[in-house]
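Construct the entire structure; sequences and hints are all you get.
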Amino acid sequence: MSTLLTSVRNLVRLLVVALVVAGGTVALAEPVQAGRRSEAGVVPESAFLQPEDLGGVAGRPLTDDYAAHLRPPLPGGAERYASQASRRAQGAIAIDYRTADFHTALVEHVTTYRGAGAARYLRELRRALLPGGRTDQVGRWTVVRAGPAGRDSLLIRLQEPWTDPDGQPITHTTYVVVARAGHAVVVLADLGWEYAPGDRATVQRLICPALRRAATLRGSGA
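In the numbering used here, the protein residues as written are 7 to 228.
Among these hints, one or two may not hold up.
As the list claims (entries may be wrong) - Here are the in silico distance ranges between beta carbons for each label pair:
1. Arg86 - Arg157: 19 to 29 Å
2. Ala91 - Val48: 14 to 24 Å
3. Ala91 - Pro171: 35 to 45 Å
These are calculated hints, taken from the structure and not from any lab test. Think of the CB as a built atom: it goes at the ideal place given N, C-alpha and C, for glycine as much as any other residue.
Now the structure itself:
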């Protein structure tokens with residue numbers, strides 16, 4: 007029964023990926039023209055990666071729960087992250103990003119915090135994952151590199167137990183960069199495509215332009 011449930015969950019997840027990045031609609035997903043909306047407030051369009059950063063591709067707003075475990079990552083459970091009470095605004099986009107071989111699904115999430123909330127979140131994340139990583143109900147979280155985009159940044163590998171179409175267990179890999187720009191935190195994740203893994207080089211290449219965009223937010227200066 008658990009294998010069947012896992013398989014169904016994976017298939018639903020892959021369908022959501024295809025619909026979101028291809029321009030379809032999913033449950034509560036509706037385009038937001040003025041910004042990326044959330045219960046914590048609105049992050050403006052300008053704070054996200056733009057087509058000129060992405061080879062001409064435009065991101066689409068996420069207003070449903072797709073990739074919620076990365077918006078932002080909270081390994082070990084939300085109760086470990088007191089910083090989340092100080093969120094001012096947040097939002098996310100999905101990007102169908104072209105690669106040399108095919109394409110891949112990216113998710114970018116931006117959060118702004120009151121006071122020292124952004125720095126506190128990075129400290130909480132380090133505490134949860136260092137030195138040896140952490141396994142929770144989502145999967146295995148491991149810090150691959152500290153400081154890929156400055157002192158307050160982490161490159162993380164997430165390995166999740168999945169089931170392939172033949173019912174065989176597999177491990178799916180997502181690469182995530184979490185980085186701070188003043189009062190803002192940017193999460194950039196490569197989820198791969200269908201059962202293919204994400205690519206660490208992609209998120210490492212795009213995180214710097216993502217941070218420059220987020221740094222334009224009011225009050226995000228270091």
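Hint by hint, here is what the structure shows:
1. Arg86 - Arg157: 19 to 29 Å: holds, 22 Å
2. Ala91 - Val48: 14 to 24 Å: holds, 19 Å
3. Ala91 - Pro171: 35 to 45 Å: holds, 42 Å
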